[in-house]
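Participant: Here the sequence shown is numbered in our numbering, starting from 2 and rising by one per residue.
Treat the hints with care, since some could be wrong.
Ranges of calculated distance between the beta carbons of each label pair, as one might list FRET restraints [unchecked claim]: (1) A4 x S68: 30 to 40 Å; (2) L64 x R6: 21 to 31 Å; (3) I11 x T50: 14 to 24 Å; (4) V71 x R6: 33 to 43 Å; (5) W63 x L17: 24 to 34 Å; (6) G54 x T5: 26 to 36 Å; (7) I8 x C65: 38 to 48 Å; (8) I10 x A48: 21 to 31 Å; (9) Q67 x N3: 43 to 53 Å.
Hint data in this document are derived by calculation from the structure and do not stem from the laboratory. All C-beta atoms, glycine included, are put in the ideal place defined by N, C-alpha and C.
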Amino acid sequence: MNATRNILIITVICALAIPSFADWPDTDDHKMHWPQLPDPFGWDVFAGTTADGTQKVLADDWLCTQSGPVDDIHFWGSRQGEWEVNPPLPG
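Model the full structure from these sequences, guided by the hints.
Facilitator: Here's what the structure looks like:
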């Protein structure tokens, strides 16, 4: 019963996450310093716990030169083991 409920919860979360594809609409009139789009040649970089237990963390910095709140952030990523050279785009 507990395992079935957990599977159902995970399925619902995944189903709700499907519409949230990464996007970058050119028509937005938002303040943006510069677009930091994903690097297609940076795929499959390992981030996580290595076999000896050490952590490898990837990060990117961001320079903000104007005042005002940050109200929209996009995260781009891929998984180690994705073997397609040009994965299909959503939509």
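Participant: Each hint needs a verdict: does it hold in this structure or not?
Facilitator: Hints versus structure:
1. A4 x S68: 30 to 40 Å: This hint is violated: roughly 50 Å between Cβ atoms.
2. L64 x R6: 21 to 31 Å: Distance hint for L64, R6 is violated at roughly 45 Å.
3. I11 x T50: 14 to 24 Å: For T50 against I11, whose Cβ atoms are near 22 Å apart, the range 14 to 24 Å holds.
4. V71 x R6: 33 to 43 Å: 37 Å Cβ-Cβ, so the 33 to 43 Å window holds.
5. W63 x L17: 24 to 34 Å: 28 Å, holds
6. G54 x T5: 26 to 36 Å: 34 Å, holds
7. I8 x C65: 38 to 48 Å: 42 Å, holds
8. I10 x A48: 21 to 31 Å: 26 Å, holds
9. Q67 x N3: 43 to 53 Å: 50 Å, holds
Violated hints for the displayed structure, listed by number in ascending order: 1, 2.
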